[in-house]
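As given, the protein sequences belong to chains A and B, one line each in that order. Read in order, the letters of the first sequence correspond to residues 1 to 256 in my numbering. Read in order, the letters of the second sequence correspond to residues 10001 to 11005 in my numbering.
Calculated directly from the structure, the hints in this document are not laboratory data. Careful: at least some of the hints might be erroneous.
Unchecked claim - Under the rule of at most 25 Å between Cα atoms (straight-line distance), these lysine-lysine pairs were calculated in the BS3-like manner:
| hint | chain 1 | residue 1 | chain 2 | residue 2 |
| --- | --- | --- | --- | --- |
| 1 | A | K129 | B | K10563 |
| 2 | B | K10979 | A | K89 |
| 3 | A | K166 | A | K177 |
| 4 | B | K10107 | B | K10575 |
| 5 | B | K10563 | A | K125 |
| 6 | B | K10733 | B | K10769 |
| 7 | B | K10979 | A | K166 |
| 8 | A | K177 | B | K10861 |
| 9 | B | K10861 | A | K171 |
| 10 | B | K10575 | B | K10988 |
| 11 | A | K189 | A | K129 |
| 12 | B | K10861 | A | K4 |
| 13 | A | K88 | B | K10979 |
| 14 | B | K10301 | B | K10704 |
| 15 | B | K10827 | A | K171 |
| 16 | A | K205 | B | K10979 |
| 17 | B | K10093 | B | K10107 |
| 18 | B | K10081 | B | K10107 |
| 19 | A | K88 | B | K10301 |
As the list claims (entries may be wrong) - One side only, chain B facing chain A, incomplete, derived with CB under 10 Å:
| hint | residue |
| --- | --- |
| 20 | N10542 |
| 21 | C10976 |
| 22 | F10998 |
Glycine is no exception: its CB is placed at the ideal position from the N, C-alpha and C atoms.
One letter stands for each residue in the lines below.
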Amino acid sequence: MAFKPKIVGFLCNWCSYAGADLAGVSRIQYPPNIRIIRLMCSGRVEPFFVFEALKQGIDGIIIMGCHPGECHYMSGNYEAEIKFNFIKKMLNFINLSDRITLKWVSASEGIRFAKVVTEFTEFIKTLGKSPIQKSKNNSDLIFSLTAMQQSMNNYRMRVLMGRKRKITEQKNVYGEKVSIDEFEELENKAIIDEYNRERISLILKKHPLSVKNLASSLDLDEKSVLDYIVWLRSKGIVDVDKIQGLTPYYISIQED
Amino acid sequence: MSEKIGSVMIVGGGIAGTQAALDLSESGYKVYIIESSGSIGGVMAQLDKTFPTNDCSMCILSPKLVQAGRHQNIEIITMAKITGLEGKAGNFKVDILKKSRFIDEEKCTGCGICAQECPIEAIDVFNEDLSISKAISVKFPQAVPLYYSINKEKCIGCGICQGVCKVKAINYTEEDHEINLNVGSILLAQGFDEFDPTVLKPYGYGKHPNVVTSIEFERILSASGPYSGMVLRPSDGTIPEKVAFLQCIGSRDCHHGKEYCSSVCCMYTAKEAVIAKEHQQQVNPTIFTMDIRAYGKDFDKYIERAQEEYGVRYIRSRIPSIEENPVDHDLILTYESEKGEIISETFNMVVLAVGINPPSTSKELSSNLGIELNEYGFCQTRPFSPTQTTKDGIFVCGAFSEPKDIPESVVQASAAASHVNALLSSVRNTEITKKEYPEEQDVSGEDPRVGVFICHCGINIGGVVNVPEVVEYTKTLPNVAYAESNLYTCSADTQISIKEKIIEHNLNRVVVASCTPRTHEPLFRETVKEAGLNQYLFQMTNIRDQCSWVHMHQPEEATEKAKDLVKMAIFRVQKNRPLQELDLEITPNVLVIGGGVSGLNAALNLAQQGHSIYLVEKDEKLGGFARNIHKTIEGYDVQNYLNKLIERVKKHNKITIFKNTNIKNLAGYLGNFKTTVINEANNETQELEHGVIIVATGAVENRKNEYNLEENSNIITQSELELMLQNKKDIKKKQRIVMIQCVGSRNEEHPYCSRICCSEAIKNALSIKALNSDCEVVVLYRDMRTYGFKESFYRKAREKGVIFLTYNKIDNVKVNDKNRNMIVTVKTRFGENFIIESDLVVLSTGLISPEGTERLSKMLKVPLNDDNFFLEAHVKLRPVDFATEGIFLCGTARAPATIEESISQGRAAAARAMTILAKDVIHSEGVTSSVDEELCTGCRICIRLCPYNAIERNELGVAVIREALCKGCGLCAASCPEKAIIVKHFEKDQILAELTAFGGEYIGV
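With the rest of the complex left out, here is chain A (with noise of 0.2 Å):
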């Protein structure tokens, strides 16, 4: 049987989601494969809520607002953009990345909503089946996506997020723009470093590993693991479970 890929958008209730209503009153056809959550505005999609469908085995996730500049409460799709380029650098690690997209669509552009669902519909199609779905076999992948749901999902994130155009397009604290080229290199490391730490904690929920193992099921190099392992017993999330030999073993003490 032919592959029908499960779509998801989530659309604004101003710009897009008119949008796609307008392409309805014109008739203009598109593939069946989307359902539309609406929300009223795009800034309102949390990471959680994309990791959480792509965990679901949802196909391909797209996120549609007005324009740049449009925004009905001026400047939630920037807000968006920033959560999504966050959860775009994050799935690049397991290459599910292409999965998601994000467009701007405004409230006359029937013809522009079908066109991006069709071609996004047909991009997905050539991906093939969610490799949460292609397998039964699938648990590291639920793994990394449920440390990526849960580390976008904290504090640090969430600031890092929140305070991105405030920092680089106004002004921070003491007066003075920071480049976005600064900002992104810090965010670049925070996304890599808190992925890091979640995967580490998360593993060590089941079963207590040395430094050792941890490298080499989560394909790190030792001394990062290390590092990591130092910041989470720091925050009283993992401690030192027992000691082989020459070698500490940890577990995760956070509760659930």
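Starting from the structure of chain A, add chain B where the hints point.
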């Protein structure tokens, strides 16, 4: 028959009429909109984008249309006109003729099956004759109200539509009929007609297919237009590489068109050129113009971007005729270059920037109503009262009184509403209906019992989606207590049946699967409310616009999708919580900051309606900048007007005036502000409590020592010249006066146009000529921006012998004032050099925002634009509102404006404030955010992100949402690092429920 009536008739349902209707209905009056066409929206609904922000026109307009269409105190009477009038201000009897649609408005659901089946292809009015619609049609897809009508001229009477109409709405014998209404006031907002360029034979419009009007081009650009937004030329459907735009078609043309300037064409042309380029990179636009009249807020920046970023070419020339190559239908334009060469250039398409004419019906209307028209056929208004007609109780707004753009029309709409407010405030709330609802059931603790209503929409849904199958499927889902299908779920009888089913099956949640919630959710929420359920325990899903209509050839897939969508709504509705719209009490007092013309007008209008006003003026005198102006360009006496106005304000017992006073501190929010003011003379402070704020802090003359202004007494500003003109002797001695325009405006420091200086210069030049016709007056200018009817004074000045020389850059104008007779040298735009001896040099220095503006903006937490003027909530549709609720803006604090414009803005701000003050309590939206104080760390991310200043920190350092200000966008909730904020009705578990219903199983972390 002399009792006042608390209702208003608005003639014309364009943007101005719609805005006035919303303002007045929100202020406690019953409103009738009399619209000549089949639906409201006017010209704005035809536009693709709007300048200077390039906002999508439909995106910003349609929420207002929907709001007006659904408002219980607005009645829209379409295809109607006024035929007679009796009575007087406060109590008019109006006769209206309503033309037949041949379709019963009570029955038509707007489903559109009739139009689909109609075999006759007629012309589409909305797409300017460029595409085809049927003999039975609606004006445009988002029409409000959405009723079809039959074009009898096209209809052949085949009877098909009567056969296919499921609700039996077609009535071929319906006749035109008369309606009689009793109203307290009438507001005219008919807008304008476009100039018809067929009378200008040399342009060949109507003969050459690739010569189109600007409004036709607007439809070509529109994504919902005939070419779906591709820029194609009509003769052969190819992309025109070279497009010429000709300005002033039918405007500034005494011989063939109209003498006045149409005010909007320069900007809409720049916009069309930019959008054409954006849509189609291959297009190279060229604009032929005499002046670039970019006099509005942020307009000059737009022109600059058009030239620099989009490569739009401007050529200063008026093209007299167009020649066509009959073979390829290209068009040849001949013009004189700035260097004086005659050039013939070939273009693939030509757009005529047609001007604004008074509506063709204006004569008939003026005689039916007994109002006067001016010499151009527009509505005559009164001096210093630009929204009052010559007849008491009848007001005017928008382009019907003078050509103007959208924000000015919106300003005037509210200004006209302020007159109605003042006239009818004693009978406010007498004609409106307030709905009573049964007491709300408490369903907390009950297991969900969901009722599902699935619409066939005639055959719109049912023809594609297998509705019975969806109903059967729905019945298998958990917690569904009842499911049915309806022919039309939106019809009046279905509302009754839904209510019965709610009671019969003890339903505590309702889902409707039909069309779009953007238009129909309020209707169903209403129904649910009438059945005693909280309206938020309702969920709607769109299986028509986003399913059956877009998957017409895949009925199986569409049915599967409909099942999923219904399931998603059912899952979600179970997570929905009852929400209350909080009542917020209003302190009915008003703080007006600034005692200039706009502030005085706002204060007086609101005081007349019984509100206490605190009028705060930092100066020792009231009157503001207008104190420097003695007459308007039309010759009206400003000082006389101002003194009378100040007298009325001083005498009014509801107005407390604070002179020499500044704002020291400001706290609170909509409905309940607390402001401390300080008298700078004696340092006394006072605390004021008020519900709204009107910012009217004005602007000041930009006095900088340019051209030795401060040192040389023969170099003066325009306002000093005005003072000098009061003393006739001084002027009689002068032999030559040179005026230099744009000194300190449109430069690097102040890149904006000050709007008023060109008219000031013309006004003063004419005064000089009147006093001393031998005195030579030379005006050095960049663009002569005498927009609207002011153009006639420009022409008069030329007739009187005033010499106008145009320069490119201010550096090209030099003044040598070493000797008693000064030497002005100028290099003109055309490269000629002039040396002018002059005994007086007058600088048009423009307006800047006053000191203290930044401080005030920080206290009010409202933004400024790059030029240090206050920034309104939306430059097109909310010109006198701030994004923060309860704070309004008017006059030159917003941007440079004339006295009459400032008066309108002051009154407009008052009318906007009245939409709040007219209510004892206001209801906040149910969909707002709320903070869990236990979780909040006080990081302030939400405060910075909130577009509406709806979040504050309380004394504990914890974020608090001011529900009255919150619009429920959810930005704060999506960004709070501690997840301490939820946005009601769009909570995380609600969105995840919807997702999971489709995705399968919730996994989480």
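What hint numbers does the structure not satisfy? 4, 11, 12, 15, 17 and 19
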